[in-house]
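Participant: Since the structure of chain A is already known, use the hints to place chain B on it.
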Amino acid sequence: MDATTVIAVICSVVVFAGWLVLPHSATTVQPVAVSEERKPVAISA
Amino acid sequence: MKIDSGDTAWVLASAALVMLMTPALGFFYGGLVRRKNVLSTIMHSFFILCLISVQWVLWGYSLAFGPDKFHLIGGLEWVGLNNVGFTPNPDYAPTIPHQAFMVFQMMFAVITPALISGAFAERQRFKAFVLFSLLWATFVYDPIAHWVWGAGGWLHQLGALDFAGGTVVHISSGVSALVAALVLGRRIGFGKQKAEPHDATMTVLGAALLWFGWFGFNAGSALGAGALATSAFVVTNTATAMAALTWMTVSWWHKKQPSVIGAAAGAVAGLVAITPASGFVNVMGAIVIGFGAGVVCYLAIQLRERIHVDDALDVWAVHGIGGTWGALATGLFATVAINSAAANGFFYGNPKQVLIQLVAIGAAWGWSIAGTFVILKVVNLFVPLRVHEDEEILGLDLSQHGEPAYASINAN
Numbered sequence: 001m002d003a004t005t006v007i008a009v010i011c012s013v014v015v016f017a018g019w020l021v022l023p024h025s026a027t028t029v030q031p032v033a034v035s036e037e038r039k040p041v042a043i044s045a
Numbered sequence: 001m002k003i004d005s006g007d008t009a010w011v012l013a014s015a016a017l018v019m020l021m022t023p024a025l026g027f028f029y030g031g032l033v034r035r036k037n038v039l040s041t042i043m044h045s046f047f048i049l050c051l052i053s054v055q056w057v058l059w060g061y062s063l064a065f066g067p068d069k070f071h072l073i074g075g076l077e078w079v080g081l082n083n084v085g086f087t088p089n090p091d092y093a094p095t096i097p098h099q100a101f102m103v104f105q106m107m108f109a110v111i112t113p114a115l116i117s118g119a120f121a122e123r124q125r126f127k128a129f130v131l132f133s134l135l136w137a138t139f140v141y142d143p144i145a146h147w148v149w150g151a152g153g154w155l156h157q158l159g160a161l162d163f164a165g166g167t168v169v170h171i172s173s174g175v176s177a178l179v180a181a182l183v184l185g186r187r188i189g190f191g192k193q194k195a196e197p198h199d200a201t202m203t204v205l206g207a208a209l210l211w212f213g214w215f216g217f218n219a220g221s222a223l224g225a226g227a228l229a230t231s232a233f234v235v236t237n238t239a240t241a242m243a244a245l246t247w248m249t250v251s252w253w254h255k256k257q258p259s260v261i262g263a264a265a266g267a268v269a270g271l272v273a274i275t276p277a278s279g280f281v282n283v284m285g286a287i288v289i290g291f292g293a294g295v296v297c298y299l300a301i302q303l304r305e306r307i308h309v310d311d312a313l314d315v316w317a318v319h320g321i322g323g324t325w326g327a328l329a330t331g332l333f334a335t336v337a338i339n340s341a342a343a344n345g346f347f348y349g350n351p352k353q354v355l356i357q358l359v360a361i362g363a364a365w366g367w368s369i370a371g372t373f374v375i376l377k378v379v380n381l382f383v384p385l386r387v388h389e390d391e392e393i394l395g396l397d398l399s400q401h402g403e404p405a406y407a408s409i410n411a412n
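As you go down the protein sequences, you meet chains A and B in turn.
FYI, in the numbering used here the residues of the first sequence are 1 to 45.
FYI, in the numbering used here the residues of the second sequence are 1 to 412.
Bound conformation, chain A alone (with noise of 0.2 Å):
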């Protein structure tokens, strides 16, 4: 196994690794507050 071999499995595991160690998610997802109903839409013949 050559250097650059070497270093591109290190750096591949570097990045798949750190896959493991991220968060899930930042922020906690809050429900989207809808203003008023809509509206049904008058459609004329």
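Mixed in with the good hints there might be a few duds.
A short, non-exhaustive set of chain B residues, derived as facing chain A with CB atoms under 8 Å [said to hold, decoys possible]:
no.: 1; residue: V79
no.: 2; residue: N82
no.: 3; residue: F86
no.: 4; residue: W154
no.: 5; residue: R186
no.: 6; residue: I188
no.: 7; residue: W253
no.: 8; residue: I287
no.: 9; residue: V288
no.: 10; residue: F347
no.: 11; residue: G349
no.: 12; residue: F373
Because the hints were derived from the structure by calculation, they are not lab data.
Ideal Cβ positions, reconstructed from N, Cα and C, are used throughout, including at glycine.
Facilitator: Quick look at chain B alone, frame taken from chain A:
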């Protein structure tokens, strides 16, 4: 010399792929700007496609690739494509018509000034942009292309390796973008109001089309349909994917969420970084180059934000720094096992190649900084570089082109 139909077909198809990259860049940039500037941003790329297509056949190709003068510039013998016919030119591509090589190179000359437009987005006067682009292509791009790729160019003779344009295209445009951002100054409200991307989907689409076109950029630079083109294709895809994964991971760690635009920008950084190395490195080298691009370009953006430079779409960080990393990495990971006509890099027993790459990098940085600064100052003598304040607030789509991008939406 006999024309090879397979090589010719591949180079012509590659020229078409590279042509697609310029409007793709327009979409990539267009999604990143505010709604009121999207059309003007796309126009920058579309207009340059037209402008440089004409400049290149008139004098650009002759300056870049014409008979050498003092190892610095091509002569005027090929102005108007005089002496550029269908017989192959053995100095550049012995198996395809000379005009096929010329049109392939034209598409590189087209996209390079278009890349710079991301730095001065949302504030440059269109007329100043027209003059700047024409002068920049002539006095910055064409000489650097001759130094690196022209028969007799001094960096070519020195042994600098740049397979598809890390130095010629990306360092030149990225460094010039930084100069342009500094000379034009910051946008109104920079640092106070957030200039959020108006359409991230457009940006991701643009990045995907850039990725597609880049196969022509890099694999086409083999100038033949064979093993070298195949290798360039594979390492291009590998480095791009690795850079996107790395950028996304770094931004996820830094900002606590995996950014979609970050993944797209990371892919572009990987494409940039593998460009000079694509005909010289193996797939393991491509993984390292992609990883490095994801980290280094992301850090460059943090630095750019910290020093409050308004390079609007981060051309310097992605192209200038990504191109510099790619050129340096070529000196580290190049191997004659991939390209017997080239040289080994540091990790294959030739540390001298790193020094040669550094000379090429320094020359491209220096000429780009000086040339861009002078050209901007000269243009400013005749046409103000920036739009008026009220035009900037209104948006360039209406103030410069008189057309809204989205007719039914008036918001910013």
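Participant: The structure should be examined with respect to each hint, and the outcome stated for every one.
Facilitator: Here is how each hint holds up against the structure:
| no. | hint | verdict |
| --- | --- | --- |
| 1 | V79 | violated (45 Å) |
| 2 | N82 | violated (46 Å) |
| 3 | F86 | violated (41 Å) |
| 4 | W154 | violated (30 Å) |
| 5 | R186 | violated (29 Å) |
| 6 | I188 | violated (30 Å) |
| 7 | W253 | holds (6 Å) |
| 8 | I287 | holds (4 Å) |
| 9 | V288 | holds (5 Å) |
| 10 | F347 | holds (5 Å) |
| 11 | G349 | violated (11 Å) |
| 12 | F373 | violated (37 Å) |
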